[in-house]
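S.K.: Residue numbers (the numbering used here), protein chains in the order written: chain P, 439 to 653; chain H, 4 to 196.
Worth flagging that the hints you see were computed from the coordinates, not collected in a lab. We put the beta carbon where it would ideally sit given N, CA and C, even for glycine. Treat each hint with caution, since some may be false.
[Claimed, not checked] Going by beta-carbon spacing under 8 Å, a handful of chain H positions derived as facing chain P:
1. F11
2. M26
3. C118
4. T170
[As the list claims (entries may be wrong)] When the alpha-carbon atoms are kept at most 27 Å apart in a straight line, the in silico DSS-like pairs for lysine-lysine are as follows:
5. H:K98 with P:K509
6. P:K509 with H:K97
7. H:K161 with H:K105
8. P:K638 with P:K509
9. H:K161 with H:K97
10. H:K161 with H:K39
11. H:K130 with H:K39
12. P:K509 with H:K161
13. P:K638 with P:K458
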Amino acid sequence: MPIIEDNTITADTFLTGIWKENPVFVMLLGMCPVLAVTNSVINALAMGLATTFVLLCSSTLISLLRNAIPKEVRIATYIVIIATFVTITDYVIQAISLELYNALGAFIQLIVVNCMILGRAEAYASKNRLLKTLVNSLGMGIGFTIALLSLGSVRELLGNGSLLGYSVFGEAFQPWVVMVLPPGGFIVLGAWLLLFNWLKERKASLALAKEGGVS
Amino acid sequence: MSPDSVSFIFLNAFLINNFVLAMFLGLCPFLGVSGKLNTAWSMGLATTLVMLISSISAYFINELLVYFEIEFLRLICYIAVIASAVQLVEMTMKKFSPGLFKALGIFLPLITTNCAILGLALFQTHKDYDLYQSLAYSTGAGAGFILAIVLMAGLREKLELADLPNTSQGAAISLMLAGILSLIFMGFAGLGS
């Protein structure tokens, strides 16, 4: 049975991944790399770009093959496709910068099991046309990168007193070492979520107050 | 204790470098399935079982891949093996323990995308462990996963009784709790030296 396809591409197709359905802050997907590699801005950026690349390539291929893949083995097929692109990324990063490769460690290969990519494949790429899928995946990838960067910059700033390796606070700053260690990852992400919750609540209560004022 | 001894490898994966709280592997089930103590416990057991099976298979597959010099296929082979191991555990459980099978429900197939399992297979290859060391590593990692998820579930059950401000409800407070738990586990780092 052919799936009815809605091919209109709106700004929302792109923006939904950045804000409304941000994979990290809203949907809490792909948490492992988010917390593990964000102890510095440069690692966060590299991880974000690598994930975006894999996401774009795999959703392109899956979107093109969506009518050829039998439904029963789709998950296995998706995983193999994703694993192929991750292997490519792995070797490319190794060739470009060995230092970066060592810093990210096994987490490049672990992009395979990033639930966000499989989730996109299952929920979007297998149901939509190529162009729409591409736009949506790009949005998701950028949203993921932004989330990684916002965690990475806070952690590097507080834990190391620097941004992208340049010292910000000067010599006198006493770094919060805990921020670059594992607990810092959990706490910073928790704090970001708290901030977003607070903003959402404030917006809702402001809207309520406005309504009350009019009536 | 020498760093290559079996007991040290076990202790290392269990406490010092706990897979969940120090290495950030397997966070999805850790945050998703830790609402109730019972399900957390069975999730931990099932994950450990899959870890054991996939770790042993990964060891032999790696030997084969090295023999034929096709290491670039490692990732694809590992993920295929893990997916089949999960399927196998699912079928065995359905046959011999339907109760547990029902209790775990959707979380069982989701073990495939648990990065702790693929991570385990990759790390043991990276560290050149032999069969016994791999076994110790996977048992330790499994035990560590159970410990972390059960502790977290216990904390979250208590949390339900607490009076929280609306803003911090849900994932935010769970992450803060995980942060504190991880801070506690950092104390075990001293065991390593």
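S.K.: Now, for every hint given, state plainly whether the structure supports it.
M.R.: Now the hints, each set against the structure:
Annotation: interface hint on F11 of chain H violated; nearest CB of chain P at approximately 21 Å, more than 8 Å. For M26 of chain H, the interface hint holds, since its Cβ comes within 8 Å of a Cβ in chain P; the closest pair sits about 7 Å apart. With a least beta-carbon distance of about 4 Å to chain P, the hint placing C118 of chain H at the interface is held under the 8 Å criterion. For T170 of chain H, the interface hint holds, since its Cβ comes within 8 Å of a Cβ in chain P; the closest pair sits about 5 Å apart.
A threshold of 27 Å between alpha carbons decides the hint, and for K98 of chain H with K509 of chain P the separation of about 25 Å falls inside it, so the pair holds. Using a Cα cut-off of 27 Å, the hinted pair K509 of chain P and K97 of chain H holds, with the two alpha carbons roughly 23 Å apart. Note on K161 of chain H and K105 of chain H: the hinted pairing holds, with a Cα-Cα distance of about 25 Å set against a maximum of 27 Å. As the CA atoms of K638 of chain P and K509 of chain P are separated by approximately 39 Å, the hinted pair breaks the 27 Å bound.
As the CA atoms of K161 of chain H and K97 of chain H are separated by approximately 32 Å, the hinted pair breaks the 27 Å bound. For the hint pairing K161 of chain H with K39 of chain H, the CA-to-CA distance comes to about 10 Å; that is within 27 Å, so the pair holds. Between K130 of chain H and K39 of chain H, the direct Cα distance comes to roughly 35 Å. Violation of the 27 Å bound is thereby established for this hinted pair. Distance restraint check for K509 of chain P and K161 of chain H: the Cα-Cα separation of roughly 42 Å exceeds the 27 Å cut-off, and the hinted pair is therefore not satisfied.
For the given pair, K638 of chain P sits about 12 Å from K458 of chain P by alpha-carbon distance, which is consistent with the 27 Å threshold.
In summary, the numbered hints that this structure violates are 1, 8, 9, 11, 12.
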